[in-house]
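**Student:** Got chain A sorted already, so can you dock chain B onto it with the hints?
Protein chains: 2
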Amino acid sequence: MKNSLKISLVFSLFFSTALVSFSQDHPCLMLTPNSVENIRAQLGQAPLFGLELAETIKEVDVEIEEGIFVPVPKDMAGGYTHERHKKNFFILQKAGNLFQITGDEKYAVYIRDMLLEYAELFPTLGLHPTNSSYATGKIFWQCLNDANWLVYVSQAYDCIYDWLEPEQVQHLDKTLFRPLADFLSVENPQFFNRIHNHSTWANAAVGMIGLVMDDKELVKRALYGLENDGISEEETDNDGGYIKVAGVRKAGFLAQLDYSFSPDGYFTEGPYYLRYAMLPFLWFGKSLANNRPDIAIFNYRDGILLKAVDALLNQTDAQGQFFPINDAQKGMSWLSREVVAGVDIAYFHGGRDPMLLSIAKKQNRVLLDETGFAVARAVEKGLAVPYQQNPVSYVDGADGRKGGVGILRTRTEDGELCAVFKYSAHGMGHGHFDKLSYSLYDELGEIIQDYGAARWVNIDQKGGGRYLPENNTFAKQTIAHNTVAVNEISHYDGDVKKGEAHYPVPYFFNADNDGIQIGSAKDFDAYEGVELHRTLILMKADDFQQPILIDVFKINSEKENQYDLPIWFQGHLLQTNFKYNTALNSLSPLGTAHGYQHMWKEATGSTEDKNAKITWFNRGRFCSLTSAVSNKDELIFVRSGANDPEFNLRHDPAFVIRRKGEKNTIFISIVEPHGEYNPVEEIPHSPFSSIESVEVIHDDSEYTVFHFEKTDGMKWEVALSNINADKDANHKLEINSEKYEWQGPFYIFKK
Amino acid sequence: MKNSLKISLVFSLFFSTALVSFSQDHPCLMLTPNSVENIRAQLGQAPLFGLELAETIKEVDVEIEEGIFVPVPKDMAGGYTHERHKKNFFILQKAGNLFQITGDEKYAVYIRDMLLEYAELFPTLGLHPTNSSYATGKIFWQCLNDANWLVYVSQAYDCIYDWLEPEQVQHLDKTLFRPLADFLSVENPQFFNRIHNHSTWANAAVGMIGLVMDDKELVKRALYGLENDGISEEETDNDGGYIKVAGVRKAGFLAQLDYSFSPDGYFTEGPYYLRYAMLPFLWFGKSLANNRPDIAIFNYRDGILLKAVDALLNQTDAQGQFFPINDAQKGMSWLSREVVAGVDIAYFHGGRDPMLLSIAKKQNRVLLDETGFAVARAVEKGLAVPYQQNPVSYVDGADGRKGGVGILRTRTEDGELCAVFKYSAHGMGHGHFDKLSYSLYDELGEIIQDYGAARWVNIDQKGGGRYLPENNTFAKQTIAHNTVAVNEISHYDGDVKKGEAHYPVPYFFNADNDGIQIGSAKDFDAYEGVELHRTLILMKADDFQQPILIDVFKINSEKENQYDLPIWFQGHLLQTNFKYNTALNSLSPLGTAHGYQHMWKEATGSTEDKNAKITWFNRGRFCSLTSAVSNKDELIFVRSGANDPEFNLRHDPAFVIRRKGEKNTIFISIVEPHGEYNPVEEIPHSPFSSIESVEVIHDDSEYTVFHFEKTDGMKWEVALSNINADKDANHKLEINSEKYEWQGPFYIFKK
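Read top to bottom, the protein sequences are chains A and B. Quick note: the first sequence uses our numbering, first residue 705, plus one each step. Quick note: the second sequence uses our numbering, first residue 705, plus one each step.
Watch out, some of these pointers could steer you wrong.
If chains are identical, the list can't say which one is meant, so a pair holds when it fits in one copy or spans any two.
Listed below are the simulated DMTMM-like cross-link pairs for lysine to aspartate or glutamate, each with C-alpha atoms no more than 20 Å apart in a straight line [said to hold, decoys possible]:
hint, residue 1, residue 2
1, 791, 763
2, 1305, 1356
3, 1034, 1386
4, 791, 1385
5, 1201, 938
6, 1065, 1014
7, 954, 1103
8, 1202, 939
9, 790, 1386
10, 791, 1386
It should be emphasised that the hints constitute simulated quantities derived from the structure, not laboratory data. As the structure is a prediction and not an experimental result, all values here were calculated from the model.
For reference, chain A alone in the conformation it holds in the complex (with noise of 0.2 Å):
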């Protein structure tokens, strides 16, 4: 604040008629008395905000009009309570824009007649009563949504924090905020100190309001954290995630800056709650830039706020919508309001990159600062450019070192085929036990799915909008993900502190021949004495109608073990090459534990031919896999929803491939989305598989080699280096008399 008023007052000699306004010290947030007057200088000029505005008053006018109600806290997510101070903070957050750029005093009344109701009501709270929290808050039933509250609410108080009397701030300073920031951090050490989204929340939280009330020791400590914390090592949150990451000392804003995100912005819980935690992270990242030009935030750690905005909005499909890595509700996308906050200040501060404009265009709405301002003037003056994901691998870790995701993604003339490839660490309390999982989008959806989380968020009928039993014992399982699980048991036993103490490990990656994209990884921990290697290659060529995703599963052990790869193929199954015998009149869960509980056998199958292949049909698409397997494989389609006492689990069909009684071992499959039809025609297209074969020709540690053969008769031949990656390495090999010879960790080659 010291600051901007410095600067305030330089301006103010050379402006001497804007003097009035720029006394001013407030806002200080999101807004300040110099883009106010901006903002209302040239409002006729940006429609897009000027839509904003107006359905922002829309909204605001009708909830003045209701009336205020500051409930006595009582009820989980999705009840009244709940559901009602999250209305006021939105609000709130709102009426204090629309007062500081209509100069409407109504909405500074509103906000500070609730603000009093909320003075009034705050120092009568314990805790909330539902007490089941490992954080539990006063307002909220957790600390979490109490820290959310203050984030949006210390914007409300700033924008009308030079109109109260001085008695109101202080009494609002001494008898609400200052205590909620405490509550907030120095009464919860287990919630404010960690590397966690949740911290974040929090740290963001008690620094906003800490620069609003210029409160030098808040501020302090939302960046730098509290020294003695007291935590143990082995307390959890309601997740089952540690709240201390083994070794990081640091907690605090910029920690969390240091810790929560890769060096290229991936955060390793995954897109959904990267979308969910860069709201703290670009809101005080904002007011620090007003505030503290002395951190320079957005270049701090070489501009990790805004690599992280680009990698978030990366990991989606074509509709938008993240890539459900990790515990994530499918369905959340690059429309949520966070990204909205994301675009716009990564638009403002960042390189005023047009691909963005597109992205808020599809949004429809703007942030009520100079951020949106600037989006919806570059808007109106027609600078959008269409916004195109790309094919990337990120590493994982604060020091890139644990593990990462790869992104396969080609497009076509009219769609695309994208594999999202998962090497990444753990991903904390909301972690996956998916090793070398992945899931295939086309430009429609998903054709091969990540199930996602079992949770219905803020549903109260589902476990109050909580995460549900059924997310623990399946959908974080690994039978449920497009992995190989071993024995029937989890990766990492499905144990969250083992789990978090490995990572795989990236082999190679090359998306620079957009025919041909490969990603390869490792991992030598999920089971003990057991190596996975996974490699997969999305290949668009002329000769298919569409691009093929080949995927290379390779297995190493020294003991005899029995091998499940899952197919969460999304749709319905049309056809197979194989014979299969269907429960017909009974059905049972494939297993016992490990997510296999959860998920009914509905029938087993096996073939003497030397491919299993299946074909399927969704949303007007066909696709088809082949899949090199032996007569002892057993073939078992599945279905999720066994062992589910409320219904809680969508009925979902997989396809698994059983390999029993083997130590090193392969799978070779080769994904192929082909033709369409649609009910209105009833024509299909090109329903059949285009592919004869395929063939393990060879594979020991160091090399494997296969080949798959077209039903026209045309084949290639695949290589790969098993134990050397280097691109410039020469590689030579003879199978059966025939010579093979190349550079680099694999060639494909078409005979």
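**Tutor:** For chain B alone, kept in the frame of chain A given last:
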């Protein structure tokens, strides 16, 4: 033809400059020399027509480029020879239009060359090798497809008839067309002489080629059928439908018009087949209008053809998808090519209804003839008016006395609620055993679904694209629908012949008041000694967020029975107000026959409360059902998919209220769509039901009275007269010393 020639000559006296083109006899079916002249002259003024023309040229030119393929018939639907011959007839018909409109001879050459190949092939053909139809074809596996071929190809032939050398015409007539026409008629009377959509295609095919060839015998055969067909009354087709309709001795196209539709245009098989059947009706109708004005075909039977188009368009959900009454593949809609013809011909030959133009705009396609041209011109002039489906009750049966279908439908500011109440006749071979069933839609689609057919039309992998075994064993059965099944047996014991012999009785229908729409019907024959009486009330009131559906299902029987009322709710079960036990580790079917063998029994419960309530979620909406039950009722959750060896069925949920050991009984339920939720906002709006209770106050053979109450205390009472539907009748009733007096079959009163 003689007539059109006469008219041409009259015209030519006045417009002698046009003499050359008017001296032609052909084309005479969809196009005439005159209409071609008009189209050519105004081509620039009808962009939609120009678009269609351009796309057709593109499509046909690709085919001409690829060459002519007339393979020896071999495959079922979905296989190569089937799909190739099908493509041929579509392309030939288009090429004919292009030759006429563009004058480019390459189209004529293409048609001629392909027809000559067919003339080579045809005489060599015996019956199609599949030999699995009640009327096996030659080019295709069934005569039906051969008739499709001829309906399309006769148009192509018509367009080049005058361009061909006379000896080519003679050759084609003698070697291909007349033999095919005979094959489809005199050689297959069981196919040609039915009252059935198959025969309509046959009649149209024979009639249209007869008009082209000026073969009066064929035209007569088409119009009036074969005189002596020698078909037994016991003969059935592949779908189990009877060839002969009891009492009907007439056949041919005019008999189809007499017997296929009810007086208001309802088609007993349902809209999916009406759509399919309409094309030959419309095309042969249009051809007759051009050639046989003496018949005045569009005025025939009070304009039955145009009424049928009206009825077809009105039996759609908000997306224009046909209600899947009886056998129907879901997703078929007014965008289909048959409805393009329906809309264009109805617009041109009907009253130029501007609402039809808005559908034409959605179709974005028109026929390449004068009707399509007129539509495109009118669209260009901006004459389109939004199409609105209306509530209506259709009668079924040629005499209008065989039951019917009632559509209750009310619109709100941003949506609608629509109940489709089925009390129609059986629907021949495609009929389902679902007397008094209903399905429910909002503006987004199904809320309570009709399963539709178990079939993947033309998808070879699923039974060659034909009806699957589960269509008979599940989709047609009573329990697969939203109506009562008694003693686990389907209506009419699942016997088509019994089903065809009876039909429900409409009791009353009133949609005059948009806020209270009500339909009521009875059935006396589905079960011996059991009377079923259902009344559906669609109610829109300011007291409810959205319209609700009240369902009153009354049953009289002198014997004790088990009554099952299934509700096939679409979506994910969120909550119930009663306890249930879920089958956790083992699933078994609900029963052994009549469709019960295909439903897994997932959970059963009961309640001491007098109401059972379930809430489900789908497509961002909540919906609740509240039903008056006793503590003896079993409350069962099932899911389709049991005994399904090849994964032919969808796995959809249903809620079944089971009442045992009662004679007379009544089920009263309220279906209440409410609220919304989307995964981007994550804020549930109105996720809870507002219905507190439903209570039966009185129920005997004469009267039914019940109350229902909202959670806010508002209360309604409803009274129904069960045996007197006279709208002027006065009713008096005293229950618990409370007096009820009203006029007409029902009253609804807010207390």
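**Student:** Tell me, in ascending order, the numbers of any earlier hints that this structure violates.
**Tutor:** Violated hints: none; all satisfied.
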